[in-house]
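Participant: Start from chain A and add chain B according to the hints.
Protein chains: 2
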Amino acid sequence: MSNEKYVIGVDYGTLSGRALLVRVSDGFEIASSVHEYRHAVLEDTLPINGKKLPPDWALQVPSDYVDVLKVTIPEVLKSSGIDPTDVIGITTDFTACTVLPVTETGTPLCELKEFQDNPHAYVKLWKHHSAQPHADRINELAHARKEKWIARYGGKISSEWEFAKALQLLEESPEIYSAMRYWIEAADWIIWQLCGKYVRNICTAGYKGIFQDGKYPSSDYLKALNPNFAHFVSEKLEHTIGELGEKAGTLTKEASQWTGLPEGIAVAVGNVDAHVTSAAANAVNPGQMVAIMGTSTCHVMVSDRLAEVPGMCGVVPGGIVSGKLGYEAGQSGVGDIFGWFAHNFVPQEYVDNSQKLGKDIHTYLSDLAIQQPVGGHGLVALDWQSGNRSTLVDHQLSGLILGLTLSTRPEEVYRAIVESTAFGARKIVETFNISGVPVTEFIAAGGLIKNKFVMQIYADVLNMPITIIRSAQGPALGSAIHAAVAAGAYKDVVAASAVMGGVEQFKFTPNPENAKVYDQLYRHYNSLYEEFGHNKVMHDLRRIRDTALMGAQ
Amino acid sequence: MSNEKYVIGVDYGTLSGRALLVRVSDGFEIASSVHEYRHAVLEDTLPINGKKLPPDWALQVPSDYVDVLKVTIPEVLKSSGIDPTDVIGITTDFTACTVLPVTETGTPLCELKEFQDNPHAYVKLWKHHSAQPHADRINELAHARKEKWIARYGGKISSEWEFAKALQLLEESPEIYSAMRYWIEAADWIIWQLCGKYVRNICTAGYKGIFQDGKYPSSDYLKALNPNFAHFVSEKLEHTIGELGEKAGTLTKEASQWTGLPEGIAVAVGNVDAHVTSAAANAVNPGQMVAIMGTSTCHVMVSDRLAEVPGMCGVVPGGIVSGKLGYEAGQSGVGDIFGWFAHNFVPQEYVDNSQKLGKDIHTYLSDLAIQQPVGGHGLVALDWQSGNRSTLVDHQLSGLILGLTLSTRPEEVYRAIVESTAFGARKIVETFNISGVPVTEFIAAGGLIKNKFVMQIYADVLNMPITIIRSAQGPALGSAIHAAVAAGAYKDVVAASAVMGGVEQFKFTPNPENAKVYDQLYRHYNSLYEEFGHNKVMHDLRRIRDTALMGAQ
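First to last, the protein sequences are chains A and B. First residue of the first sequence: 1108, per our numbering; consecutive thereafter. First residue of the second sequence: 1108, per our numbering; consecutive thereafter.
Only chain A is shown next, with the shape it has when bound in the complex:
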C-alpha cells in the first residue's frame, strides 16, 4: 500500500486536450493521454448546416472539451494503474482568450436548438481575428477618453480579447448577445463542468477581460462605444473572481462518472496555458522570465513592482502567481517564421540532401548555418512577418531582410531569421530591464526547446544562460501543481512549484565571442526596429497591398 497521492492537470490546446497524471510528492509525471477535438477548429463552415463562415473566423465546439475529460482521464488512470482514490485534485489550463456565450446554468447557446445554426452561438477561439474593427474602436475611444486601464495593456486591447469579441457579438448577432447570461472564458467554463460552479479566474479576467484593481471599464465608456453595450460588464461579464491555485469547488457526481475520479476532490480555479507554465518551471519569483517558445512566443514573469512596460500584453495582480504582479509580453511570430521560410524558400537540392542524411529540413539548415561564424552571413532581419506584439503592439508591421548579396545562401537567411527572433526577445528583455522590472533569468519552455541551434543563438544574443524547463508537458504539469495546491498538499503555488516543477540541470551558456558580435548586430536590429517600428513605411505598403487586392476582387 502506497501513501503517494496524485493530481491531474488537463491542458487544452488549439487542436487537442492532454491529461497528465502527476505524483504530488515530487511532480513525477506518471501518465499522459491526448485527445483531439472532433471538430478541431471551424474556420470555413459550420458543420451543422454547412453555412460559410466569414474570413478570419475561428470557432470551436464546447462538447469537444468535455470529450477530452471523458477520454483522457480514464486513460491515464488505467495506464498508470494507480488507485483513483489516490487522486486528490484536478484542474485545467486553456488557450485564451477563448470565449463563449452561455445561459444562467452554463449551457452553451450553440447547444440550444434555436441557436445551433448561428455561428455566433459557438466558442470564439483565441485566433478568431474578425473583431479587429471593434478592437480599433475600443482603443481609439480609450485613448480619446484617457482611460487609465489602457496603459496596463501596453496601450492596446487586442481583437482577440473579451471586449472586442463581445462587441462584435452584440453588433452582429444581437439575439445571441441578448440571450446569453454569461460571456465566459472556456478556461472557466470547463472548470464549471467539473465542479458545477462558475468562478472567473483572475488570469483571464485580468489579461483578457480588462479587470484591473477590482474594476472593469466603466458603463459610461461602454455606452460611448455602443449604447446597447453600456451594461455589458454588469449583465454579462462580471462574476466571482478566483485566485490561481484556489479551490473553485469539488468534483461533481456527473464529472466523477465521466472521468472515474472520486466525487468531491478539489477542482482548482482555471488557468491559461502560458501563464501556468511558470509553475511547471518553478520560475515563480521576480526576475524569472519564462518564454513559451513555439509558433509564437509568450513571455511571462512575476514581480513585486507595478511598472508600465511599453508594449507588454498586460500586467495583472495575481495574474500568474497569487499575491504577485504578473507581466505578459509576446512575439507574434517565431517558429512559424522559421516554418514559412523552410516551406517556401528552400530549394529542391536542400530537401534532397536533408532526406539523404535523414534530417528534417530545419536541422539540415541549422547544421549548415552553424558552420559559419556569427555575423558571417552579413545579414540582419526584422522578425515581423506576423507583426509585432511586444514591444510595438502593431500587427501591420512586416518582415525585413537586409544585407543580401549574390552569394547569400538559404541557410544564411534561415539563420538570420532565427537570430531576428532572438533579437526580438532581447528587445523585450531590455524593455523590461529599463522599465524597472529587470529580467535576471531566462527560462525556455515550449516546442522550440528541443532545437539546440535556436537555443544557443538565444543564449548568445541575450548574453544570458538559457535554462530549459524539465517537463515536456509544461502547461499540464503547471495545472497539476495548481490542483495540488487547491487540494491542500502545499501551502501555495510557490511551495508546490519548488517541489513539483523545475528546470534541467543543463543550461545553454552564452559564448562570449559570439555575444560580442551579436551586440554589434543587435545595434543594427535595434536601429531598424526603432525606425521601421515608427516610420509607417510598412503600414503604407500594407495599405497599397490591401487596396490592390481589393481592387482585384
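Hints are computed from structural coordinates only; laboratory data are not their basis. Misleading hints may appear alongside valid ones.
Within a straight-line C-alpha distance of at most 27 Å, the following computed DSS-like cross-link-like pairs (lysine-lysine) qualify [said to hold, decoys possible]:
#1 A/K1322 to A/K1253
#2 B/K1253 to B/K1112
#3 A/K1643 to B/K1623
#4 A/K1643 to B/K1643
Since the structure is predicted, the reported quantities are computational estimates derived from the model, not experimental observations.
Facilitator: Then chain B, alone, in the frame of chain A:
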C-alpha cells in the same frame, strides 16, 4: 551579279566571340557564327603550370581572340555563300576594361617564354576584381588633391579600369610592368592584329583610361600614388587616339589569310560592346537611352550638353558617337539577381510544376506573379545584391527586402526583385533628368528583352514606352555599322545607324493604372535608397561579415 556590299562585325564577349555578316544597304543580317574561347576565363589556375590564382582574379589568353577570327569569319563567308570580295569592311567590339601588357610590336607578354609562367603577363578580364585596394588609393588621392577628372566618373574610378589594374601590375609584378611597352585594351589589340596598327579607341580611352579633354592624370598625381608610376601615361599608355567609325587601317595580308577576307579592306577603330549597341538600335541622338539588359545593365546615351550626373560611370566626348558627348551609367546586378533568387530560394514544388508545364523557372514564377495586381505583394526591395554602380557607385551595398509576411510566396519576392531593378533604372533616368541631360526615350537591348514580364514592369515603373532593339545581335551589328562607315559606305555613324540599325515596331506601353501604383512603391524605394545608400548600415554589416569570415580562416 549583285551590287550588294557587306561588312562584318565581331563581338567579343566574356566566353565567346561572334561574327555577324551584314548587308550594307539595309543592315540585313546574313549569317553569324560563334566560337567559344578555348581557355574561357582563368579564375582558378594558370593552365601552363597549374599555378593557383589568388581570389578575385580573372584572366584570358589573347590567342583565343585570334582563333575567333580564324574560325567564325570563314564560317560566315561560307554559310552565306557571298563573294568575299564584296566585303568592304570589318571591325570588332569587346568587353571592357579588358587589358593586357604587350611589347613594342604588340606581342602579348604571356606569349614570351620568359613570362608565360607569370599570371600578370596575361589579359586581365573586365571582371578581374583584385585591384580594389589600388582603386581605393586612386580615388582617395584624387579627392584629396581635388583632381578635376574624378567628377567625370561620378566621383569614383573602378577597380576594373586601366589605372587600377596597372598599379596592381606595377606593385605586384614590377618585372612585367617594366618589360611591357603598352598597357593596351583588348578592344584595340584585336584591331592591331587585323590592320597591323595600334590605334587607341576614344571609348575605352575615355571611359576606362581617364582620358579627358585631351589629357590623362598628371605625372605629379601618379608619382604621389607610387614614385615608379609617375611616367605610366607617357611610357605605357598614351598613343594615337581614334574616333569611333574611323578607319584604323586596312586588313593585313596575314589577317586576310586567317579570315578569307580581301587584303586591304577597311578596319574600323575598336569599340566596346555596350556602347556600340546604340548604333545597332539607331539610338544615337540626345535623349535616347539604350539599356543593355543582361546579368547586369549598362545604360548609354549621347548628349550635346556636358553635365555632371551623379554616379554615372563616365561622360566622354565622342565616347559613343563621334562629335557628341557619351554618357554611361549602370546597374551592377539585374538578371543575375533574378538568377540568384530562382536558383537558391524556390522550392521543389515550383520546380516540379514548372517542369510539368514545360516552362523554365523564370517563366513559371513570372506567370504566377502576373496574376496579382501591382502592389498586391506588399513588398519593396533594394536591388543591391551586387552593389550599386549608378547612382551610388558603392559595391559595399547589399540587397534588402521589406514587407514580408507569413503569406508571402516565392513568386511575390521574385516580382519584387524584378521591380527593384526597374526602380533602379528609374532612379538612373531621373538622375539624368534632373542633371540637365533628360532621357526622352528608353530603348532596351540585351538578353532580357525576350522577357515580356520584365519589359512590361519596366514600362510601368518608368512610365515610359520601352522600345526594343530589332537585332538579336546588337553589339555585332553595331560593329558592322562602324565598319560600313569606316569603309566609306555612309558619311557617319548616325547616317549608317538610321539605315542599318533600328528597333521593333512593337513597344511595351505603360499601363496608367499600374504606373500610378508604381509611383507609390517607387517613393518607398527612393526613400530606402537615399537612406541605406548613405547610412552605412550595409557597410558595417559587410565589415562584420568580413571580420567574422577572416577570423574563421
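Participant: Each hint needs a verdict: does it hold in this structure or not?
Facilitator: Hints versus structure:
no.: 1; hint: A/K1322 to A/K1253; verdict: holds, 16 Å
no.: 2; hint: B/K1253 to B/K1112; verdict: violated, 51 Å
no.: 3; hint: A/K1643 to B/K1623; verdict: holds, 20 Å
no.: 4; hint: A/K1643 to B/K1643; verdict: holds, 22 Å
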